[in-house]
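Chains as they are written, first to last, in my numbering: chain H, 1 to 332; chain W, 1 to 348; chain F, 1 to 350; chain C, 1 to 332; chain Y, 1 to 566.
Just so you know, the hints here were simulated from the structure itself, not pulled from any lab data. Only true hints are included.
Computed cross-link-like contacts, EDC-like style, restricted to lysine to aspartate or glutamate with a CA-CA straight-line distance of at most 20 Å:
#	chain 1	residue 1	chain 2	residue 2
1	W	Lys155	F	Asp299
2	H	Lys101	Y	Asp227
3	H	Lys101	Y	Asp47
Spelled out, the chains give:
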Amino acid sequence: MLVYVFRRLVNVVFMLLVVAAVTFGIFFMVPKLTGSDPALLYVGKIADKAAVEGIRHKMGLDKSIIEQFWLFLKGIFVGRDFNAGVDVTHCSAPCLGYSFKTEREVWPLLLDRVGVDFSLAVGASILWVVLGTGTGVVSALRRGTLLDRITMTGALAGVSLPMYFTGLVALAVFANNLGWFPNNYTDFADDPLLWFEGLVLPWITLAFLFAATYARLSRATLLDVLGEDYIRTARAKGLAEPVVIGKHAMRSTLTPILTIFGMDLGGLLGGAVLTEKTFNLRGLGYEAVTSIASSDLPVIMGVTLFAAFFIIMANLLVDMLYAVVDPRVRLG
Amino acid sequence: MSINDKPFLSVRDLKVHFPTDDGLVKSVNGLSFDLEKGKTLGIVGESGSGKSVTSLSIMGLHRAGGKRGAPQISGEIWLDGEDLVAAGPDRVRKLRGQKMAMIFQDPLTAMHPYYTVGAQIVEGYRAHHPGVSKREARKRAIEMLDRVGIPQPDKRVDNYPHEFSGGMRQRAMIAMALVNDPSLLIADEPTTALDVTVQAQILDLIRDLQKEFGSAVIIITHDLGVVAELADDILVMYGGKPVERGPAATLFESPEHPYTWGLLGSMPRLDRELQDRLTPVKGTPPSLINVPSGCAFHPRCPYAELTGGRSTTEVPVLAEAAPQHHAACHLPIAERHRIFADEIAPRL
Amino acid sequence: MTDSQTAAPQTATVPAPAPASDREPLLRVTGLTRHFPVTKGLFKRQVGAVRAVDGIDFSVNAGETLGVVGESGCGKSTMGRLVTRLDEPTGGKIEFEGADITHLGVGAMRPYRRDIQMIFQDPYSSLNPRHTIGTIVGAPFRLQKVATEHGVKKAVQDLLELCGLSPEHYNRYPHEFSGGQRQRIGIARALALKPKMIIADEPVSALDVSIQAQVVNLLDDLQQELGLTYLIIAHDLSVVRHVSDRVAVMYLGKVVEIAERDSLYASPMHPYTNALMSAVPVPDPRRKERRERILLTGDVPSPLNPPSGCRFRTRCWKAQDICASQEPPLTAAKAGHQVACHFPENSATE
Amino acid sequence: MTTPTETTGPAAGAEPEANSAAAVAKKIEGRSPGRIAWDRLKRDKVALAGGAVVILLILAAIFAPVLTALFGHPVDQPHPDQINPDLGLPKGSFGGINSDFLLGVDPTFGRDVFSRILYGARISLLVAFLAATVSVLIGVVMGIMAGYFGGWVDSVISRVMDVLLAFPQLLFSIALVSVMPNSLLGLNDTGVRVLVLVVVIGFFGWPYIGRIVRGQALSLREREFVDAARSLGAGKAHILFRELLPNLVAPILVYATLIIPTNILNEAALSFLGAGVRPPTPSWGQMLSDAVAIYQSDPTYMVVPGLAIFITVLAFNLFGDGLRDALDPKGN
Amino acid sequence: GGHKGGTTGDSAGAKGAAGFNAAVDKVVNASDKKGGTLNLWSSTDVDSLDPGRAYYASVWNFERFYARTLLAFDGKPGKDGLKLVPDLASAQPEISADGKTYTFKLKSGLKYEDGSVITSKDIKYGIERVFAQDVISGGPTYLINELDQGQGYKGPYTDTDPNKLGLKSVATPDDSTIVFTLAKPNSDFPYLLAMGSASPVPQKLDTGAKYGDKPVSSGPYKFKSVDPGKGYELVRNENWDPASDPFRKALPDSVKLTITTNADDMDSRLLAGTADLDWGQTGLSQAAQAKVLQDKALKDNTDDAYNGFIRYVSIVPKVAPFDNIHCRNAVLYAADTTALQTARGGSVAGSLFGSMLPPNILGSDDYDPYGLTKGKPNLDKAKDELKQCGKPDGFKTTVAVRGNKAKEVNSAVALQTALKAINIDVTVDQYDGKLISSVIGAPDVVHSKNYGLIVMGWGADYPTGSGYLQPLVDGRFITSNGNNNFSEINDPAINGLFDQAAAEKDPAKAADLYKQVNHKVVDGAYYLPIVADKALNYRNPRLTNVYITDAFGEVDFQALGVSDGK
Ligand SMILES: Nc1ncnc2c1ncn2[C@@H]1O[C@H](COP(=O)(O)OP(=O)(O)OP(=O)(O)O)[C@@H](O)[C@H]1O
Ligand SMILES: Nc1ncnc2c1ncn2[C@@H]1O[C@H](COP(=O)(O)OP(=O)(O)OP(=O)(O)O)[C@@H](O)[C@H]1O
Ligand SMILES: [Mg+2]
Ligand SMILES: [Mg+2]
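Can you build the whole structure from these sequences, using the hints too?
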């Protein structure tokens, strides 16, 4: 097990390296290919040649891409200095880069933003798992009934609705017209109640989308599982139906759901761009979109890596949980 | 079979029909038999002849009526004086695992991969012995594993099914089935997935356990050799119907139905002289949606013409051909005996 | 699932002398091995090997049928795949008509494929469900670019008829046929190129008893008609007896006994063969009480870590010290009967 | 292991089903597997309705110029007379819907929303279909190679898929779209955008189908018909494309129909985030994005494109679900 | 480019009650009541709090809370706010006869927030920082142009001078005297010294690029917290001496600037009274605007003032066929200015305007030879011009527009539609808005991409004719990147008029010269003005001393107070 975890962690590092390299390559090469100069983005309106050179030097853009990448990687572990003559900008480890646009280190910025996504993702995921698998299971058990058909139609509608549309409608109705919820986010630390109220709509909107997928998936999985021989065996033992479903069928049903849950949660922690934009939440996704709009490469880079990290870690976690749930999976 | 008492298990005119998109699948279409405690009934027949459906009907394991994929079941299944078809699902569930138990063909898929063998046995035990503590139930599980010949049962009890070999899995399945001392044990192709050497072990085990518990056993298989090893009585099914039924010895000695002849003739046998050629049953098994009219076997029966057309129009009934030996065939008994003696027996 | 056990050090295997035969056999296999590596870790370090086939020798003469029996996992299928060159041997040699085909590539092997054909076990998975019967049976012609006199269609229809199918089935799909019919389609395909040799891996074990006999008879007829040579792999001893001229018994990747059919069934010499035969249930209820049966205990050991010396010794009631230390070579105990046992039964020398 | 196309049951019960199938086949001469699926699909009214809507939508998109000429106004023509000059909002309630403007006009310009929705459909469907093609092409080739060859080929391809799945796609797409030049390879701005959308959406979509195809190929290669072909001297190309591919058609088809609605949502999301085609070329996501600013005063302008997306995606999903059920009777 | 400024009104300093446009030229709710917290809200973050790096008008306005300069715009409504008054300086500068030397004396007792004394060296140091464009980037660079004078000074961080005061054109004979020596006279020079980039920075507290995280205050307020992206809080600076300050009232006890991402939320807070003022002063969102305009009571709390920007389309003569003035004329005549105005948000967002000098700048007039303010295209004339241009069947051209500015894209699309009427086929090319200086700001790129038309807007960095027009029309301001003279006008007559004006000490005379420049530019058909920009802003009724100063085209933040003391 330990060996496995170690190996997987090596794997995680490798994947992150690849993601970093690709992101780095694209964002630092594309401007070159399209003929625009990233250094130009950081100088004032009229670009003095020497100033551009200075910026280029300070940001390390005058070095080869390999060297830049190396400096970037090194920065993550030991921190990094950006020098321009006497003026030294220090970025302490883990240095995911430094935004010259906002004069901030990327890492604290990300840590700052991730709280929103964390609040969003955790709340929504609890909701959707409970709602989604709940309705899926009930649908599967009541297969073919009116209830089944209604919930499954609802679920199909759920996966077909763009979430920003649902979100806007929810905002229009519940926040603006009825005024039940505020349409802004408050930090938990500032006011837990407002935090909760502000997140209710995003949670529901996000959960609705995911719940629909989970309902469909859990219904299909449960139906498959119910056809398994071992369920028949459980019945043959004379177990009561609730035990058969609740214990034998559910355990197998939840395992595949665990997998996509990991992916989804990981994805959300790394930024829920659409939700954040719709509900004006300042999370990683929003940060990324704004930094894209302002070509703030270090921040884009940081968010991408951060998000990839979440996805990969979530996958690792899921795999390990899987091994706990399913004794046939041997790690090692 | 005793005549005075009501038999322990008695199936009367069982019909199990599945409505499907393509039509009504008449998987079992009028099956009757009796079985006493301590006796073994072998059910043989080709794939799709309705053997498994019959056993699942007895166990009440088909989907409840009204649901999709649920069969229409009619007839009576009397177990120890109780009609299982008429009884409520709750009652049947109580009997299941306690009074009647079942062993399935593929023990790997029939056991839950996520629970230990022990846990699965314990669960079955405690379901019917609510007062029993976990510790006691575990002891019972170890005892059962020991009984079915699993070495080091106190260690193996905590293994998962995938950690067992095929033979051990089937033994564990048997332990699971017998944990509540059921009076009826149904084994649906318990050895088909196993090697001959292991099959021999399992068959021995079943036989020994039956002697020990004195329960009634139904063994379902398509291997005539297996039934010959175990069964007291044999029931041959074809297209959802019984075509021949009788004590094992007589059935093998003087089979009455041309289908049974066909089965015997198509098997190469180690215990006989080497035949030059096998005598297969021609054609393919019947569709259960469009069962051939009259005798379902007539399209494949080499002697169908000898019935003067009755076989295509008239459904033959199971009639006594010899004491306790019944067959459903339009051929006159004498004719059958003649054909068997002249044409079939020499080739076997 | 991997087995966590590591392989024990290999003991040297003593190759059995090639069977004495005056004419050159159609197929000769010597010292054939196939080890599947078991790897572990990031760098795919090999930690052991499944010795599926571990040094076997036999030959098949033109026109005869060699049956191969053995318990599940003893390497029968692997052996079949090696001989048909669907798998790459780890060692040993396969000669077909005197030519070494052991390591031929796809292209070099192609011409030989006309002469060596296969019949598969599962009539469901051996026919591509998306192809019509015409395509399936016609594939050999197209793949081997063999010209047919009256076109591929006619040739295919002739083949279908030969195998007891209706030529009208040309445009049908496999799912429209029963298992027995499908097996016939598979046979028709194998016969298309008029092969010299046919290797059949469990050709009837997936079929119903009543259908089994049809196929067995068909194979018989075709052999007679076309002068085919068969290598038939099966686990059903009775079927093997019925179809074979000679029979090889395999255990854990080794041939433990190989003999003329009658000699083998009448007086098996290897304890394993004996046990195998006695375990076969016999459809005769009266014999069940009389028969003394040899009940083997336990399961077949893992091919990942086979027992030292004689592989059967762990389940053998006759095993002695020598069996653990020394591997018995496959030797001719009497004419046309080779056995690999230190203490063979029914043997004159005992 | 089963392919969804096969009509056989589990191994033990396989024989009877084939027989009944054979019996049915005797009545209906030589039904191909595709034919059987079609017969099944014909019975699924909901899926057919979805299919009909899909076809209508495609026709509407193709004949958008004709339809706007008949029932609307030229797509870019402003109608200042329909706009309240102080507010920049449509005159009249419900977004200015009247007999002349069936779906109202857009704010600021007073362009005909009906025409813009139709032209938006062109972009949506074009991007969705082309991207699906890209995903399917790459996914099938990669998946089939990974599945069939196994070994290091599989390792490399699987790892690439892992990395791709670990990328925060949406972020990455926006970033990538935003650095693209306005003209490329002789395409105009809209052309470039469409191309980039197709490449980005298609490229991030392929690992999903790649995984499915890989899994299928992995199990298919264990089928004996592959060995049969090899034993006849078939080369790799023959096995991959003649033996395996036809068996993959069903899952590919199903996946393609189900990836199209996902692509539509993705395109709309990217447009919503400002990374889609640029005005004046209309697209649904862009209209929704415009609507965000004014949804309180002109809700109609939000609802119309929202519903357009919803209906289209729903129709595709319904059809895709039906197709899957038809091709894989065990799927449900 | 540029910040903002401007209004229509002509009355000065009058006090008034609330009402629509009441704060445009009057002080609304004049009061001296101290205390409370001023709650400013913004939907965009500050670009930088470092006075050397900021370019947003709102930051320049905001800097008046914490950064004093030698001279500063007076705290008065409307045009009166354009006047420079001595702030750190004890009096207006002494200007040498040749107009090249400016000598300032500092007031005594000036202190930073930490109690240390503000010296003339600090002012010099602050100015020097701007020269380090690789560190202190983003702010206005006029001072470099004026003061470098060929020295090639690279800022204090690489300065070899022991005191880091190596800029030769600025002398600090003692701690309270500072002398600027220009290469040639420039009557606008005082305006450059009124920019935050000329505010004092204590060298020992300078943190270089990160100075914006904690600017050292010389004004009435100092930073209590700086939380980029979230908010900023100012509290009273006890070391500020009100007696030394010519106009700052410093009424509230603290000033909070809250950054929200949610413009709707901000607007609803404004209307609900929980926010005081939109710090960005960019106008209410469309939804809130609709609500406010339909409700008299709400409307009375709004002002729709000019913000000093003109939105226009540059026509580039270097790109054929615009080398022919008739083709340029055709565009001007064919333009549907009402549609263009609507595209920018209607009359609330700007008035139709005929020339290129915004109303808040001296010299502006109603010159409109093309009849643009009529709001209708003159197609006959346009076609006629086309014929004279030799393109009676029209032609093709490309309009460049920032892709991230919806209003500009809308304008381009409206122009495209309008020009279709005379068969001018316009392609809208949206470029990345971040890359202004290297796309439309690079003449080579403009030529190679055939940008015949460029949509832009401009507001003056300082409120004079040259502050507004010179970057746009003076041929000597054409640069290879960061260019703003998109039309590449290089008319010696125009250039000469600017020089004349720079030497002119009388503002009125200078204004007349700028008027001539403006007319010349309009006549040359280099620009199609779309609107003179306006923004409808809401003010919380509890605010006191509300007025819009033409210096920024915004409410003067530093003057504000709250009436309820909260
Ligand atoms: N749920 C069901 N729905 C429809 N048809 C069914 C169902 N279950 C069984 N059948 C059909 O009933 C028939 C009898 O099936 P059964 O499983 O009893 O055969 P069997 O004799 O056990 O065969 P095998 O030897 O293959 O196990 C088959 O044709 C099968 O297809
Ligand atoms: N590709 C493979 N990789 C690893 N091990 C393999 C592979 N193929 C077969 N084996 C192992 O080799 C051994 C022999 O397998 P093989 O399929 O030849 O047995 P068999 O005698 O045909 O058995 P059965 O009767 O079950 O078909 C088994 O232990 C099997 O697990
Ligand atoms: Mg069965
Ligand atoms: Mg095999």
